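Since the structure of chain L is already known, use the hints to place chain H on it.
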Amino acid sequence: MSVPSAVRQLAAVVRKDVVLEWRGRELVSGMVLFAVLALLTFNFAFDLTGVNRAVAGAGALWVALIFASLLGLGRSASVERMHGAWEGVLLSPIDRGTLFLAKLVSSLLFLGLVDAVVLVLFAGLFGVPVLRLPVIGIVALGTIGLALLGTLLSPMAATTRAREVLLPVMLFPLAVPVVIAAVRATVLVLTEQPRDAWAWIQLLAGFDLLFLGVGYLIFGAAAED
Amino acid sequence: MAAVSPLIRATGLSKRYGVRRVLRDVSLTLGPGEAVVIVGPNGAGKSTLLRILATLVRPSAGTVWYFDTPGLPLAQIRRRLGFVGHQTLLYEDLTVAENLRLYAGLYALDNVAARIARVVELLGIAHLAHERVRTLSRGQQQRAGLARALLHDPTILLFDEPDTGLDQQGRQLLHALIAEHCQRGGAVLLTTHAVDFATTVATRQFQLCDGQLWPLPEGQAASPIPAPVGGDHVRP
Chain L
3 MSVPSAVRQL AAVVRKDVVL EWRGRELVSG MVLFAVLALL TFNFAFDLTG VNRAVAGAGA
63 LWVALIFASL LGLGRSASVE RMHGAWEGVL LSPIDRGTLF LAKLVSSLLF LGLVDAVVLV
123 LFAGLFGVPV LRLPVIGIVA LGTIGLALLG TLLSPMAATT RAREVLLPVM LFPLAVPVVI
183 AAVRATVLVL TEQPRDAWAW IQLLAGFDLL FLGVGYLIFG AAAED
Chain H
25 MAAVSPLIRA TGLSKRYGVR RVLRDVSLTL GPGEAVVIVG PNGAGKSTLL RILATLVRPS
85 AGTVWYFDTP GLPLAQIRRR LGFVGHQTLL YEDLTVAENL RLYAGLYALD NVAARIARVV
145 ELLGIAHLAH ERVRTLSRGQ QQRAGLARAL LHDPTILLFD EPDTGLDQQG RQLLHALIAE
205 HCQRGGAVLL TTHAVDFATT VATRQFQLCD GQLWPLPEGQ AASPIPAPVG GDHVRP
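If you read the protein sequences in the order shown, they are chains L and H. Counting from 3, one number per residue, gives the positions in the first sequence under our numbering. Counting from 25, one number per residue, gives the positions in the second sequence under our numbering.
Keep in mind the hints are simulated off the structure, nothing from the lab. Here the structure is a predicted model, which is why all the values come from computation and not from measurement. Each hint can be trusted.
Just the calculated beta-carbon pair ranges, DEER-fashion: (1) 177/H with 196/L: 55 to 61 angstroms; (2) 219/H with 212/L: 53 to 59 angstroms; (3) 158/H with 6/L: 28 to 34 angstroms.
Beta carbons are placed, not taken as given, at the ideal position from N, Cα and C, and that holds for glycine.
Isolated chain L (complex conformation):
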């Protein structure tokens, strides 16, 4: 497979996903709405003052991001299954690793938009300084981890009748390292302990690299019959 062919194939899938989302506006708007509701609920439910604000706030931020991601990734896989469109893609000679990367890029585009909105809203609602490079970097690494797992698992979950339940059931156990590392790193950065956060950031980066390789190699088996 020559690189230009793979790039053209990747671009074709990403362009299709962007056009479909632009037409339907279902994924991003649904995820943003969910995340906003979650943040509003946390904002009114808990007394977030002092140090507690940074600790509980980091948890609230990641709960909103994780569940919004799940919502979007599950919906994305369902759209692919409509009218056999996903089978059409699988019939083509696109390398399954390239297809994985294409779906990953699409997911990251949409999740990145949601992250941006959520971070701005979170900063406004909670008064926590999250709009700075270390926090944005941690959110980016955590989002990449969730997108990697979701991209890998959602085609499998989408073939079942219990797809809405199955994706979280499959994804959460694998996402535990991402969730713990992302929350811990965010808390440590927000409480001005960036040196201690470094180990968690390395764990996040390692997880992302590992599942990038795993996903690239086994996506064919996950996506096909």
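Chain H in isolation, oriented as in the chain L frame:
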């Protein structure tokens, strides 16, 4: 006459879904210029057989050789297969042209605009190229699905009930497409419930019943089920 290498040689194909056996020891060859038609009742295993040959489903047992070459990479096989299934395999919120552009990208085709213009013209849907698939009638969607399958000039066409939803004009068009494809040295394997359509397009006919494939003698209608016949196409 010199022996011609088959484009597809399927041997001893079986498929199980749990305890249910959908295909039993099916063997079939498809040569250049052939239009092989498989008829059979609902649930006989026709779609499963075509989906196996299209590389969408793995058989539980048996082998398929494409282009008389064992172990050919799947990407090379898929590049030369055109498949039409029960569903359109199109994104309904994209236009016909956008769907075809997507497939042109997936197949890494050149001269994309010219190819798209050719197939939509061929299928009589040029005026619908910029309509979203969801707004088209069933027959128009079927034509769009056929355009998708023909876009990359495949050697082997695998059509699962391609006449579904087509009007008389559409069927005549499909008939002409199949005939022209075979004349150019390609091959077509299709399933249908329309016995008259099968009779007019087929160079060979089979009946699939309870997962087993039976040859139909030339000119014979699809039912009743014929007695099993020996030979390289059948493994009763």
